[in-house]
Structure formats: structure tokens, C-alpha cells
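> Sequence:
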Amino acid sequence: DVLSKEATKRKINLNISYEINEVSVTHTLKLIHPKLEYQLLLAKKVQLIDALKELQIHERNTNFLIPEYHCILEEADHLQEEYKKQPAHLERLYGMITDLFIDKFKFKGTNVKTKVPLLLEILDSYDQNALISFFDAA
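The sequence shown runs 81 to 218 under the numbering used here.
Mixed in with the good hints there might be a few duds.
To be verified - Under the rule of at most 30 Å between Cα atoms (straight-line distance), these lysine-lysine pairs were calculated in the DSSO-like manner:
#	residue 1	residue 2
1	K186	K91
2	K165	K133
3	K85	K193
4	K110	K91
5	K186	K125
6	K124	K85
7	K165	K124
8	K188	K89
9	K164	K125
10	K164	K89
11	K186	K115
12	K188	K124
13	K85	K188
14	K188	K115
15	K89	K165
16	K110	K133
17	K125	K115
Hints listed in this document are in silico derivations from the structure and should not be mistaken for laboratory results.
Could you build the full structure based on these sequences and the hints that come with them?
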């Protein structure tokens, strides 16, 4: 886009050809996967902290909680601190994936902006295979 705009400004005729490598899109999604999964899990844990703390206050014995919830309570301060350090990290990852989706199809001459809400739903209930399938099927 930038090259085309600059060429148009300077009245230069450009002939741009490109080849889309479908494997690179899937590879990029796989590279993003660990970071996205970590951030989603961190966000879920942070959302649970207040409810778990309230349970801890009102219940004398919290042995009925599963070990994962005990771990969240024990690490609550650390989890909240880590989440505050990178509040926009998850949003940036969503933005990168959304841009990748739009750009992939822009090169094919297809406008998929109307499918972005569906993409965001898939990201909210994240599953790597579902995301890759969505990219392949759209």
C-alpha cells in the first residue's frame, strides 16, 4: 500500500506482483499461539481472583476448592502485578491476528472486514485448530 501511494504521488507506474504462501500464515499463527494462550490464561486467572478471595473470606475452610484455585489464591498478588505490567498485551495479539486475517485476504482481493467479529469470538474462546480452520475457510 505504501509503495503504491508513493508511486502514485510521484506519477510512477508500478507493476507489483506477489505470491501468497499459505503456509506462512499458519506458521505465524503457530508462533503467536504460546503467547496468546499464556495471556488468555493469565486474564482468566486474574478475573477469578476477586471471586476466590470472597469465597476465602466467607468460608472457614476452602479445602473444597480445586488445587488450581488454591494456586491462583496463593499467587494472586504476583498474577495481578504481571497483568498490570502488560495490560494491552492481549489486545496487541488480537490486533496482530486480526491484521493478519485482513491482510491475507486483501492480497487475494477479498474484503473480510465483516468477518472480524466472528474472528474475535473465535479468539475469545480460543482454540488453535479452530483459529487455523477459520483462516483456511474464510
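> Of the numbered hints stated earlier in the document, which are not met by this structure?
Hints 4, 5, 6, 10, 12, 15, 16 contradicted; others consistent.
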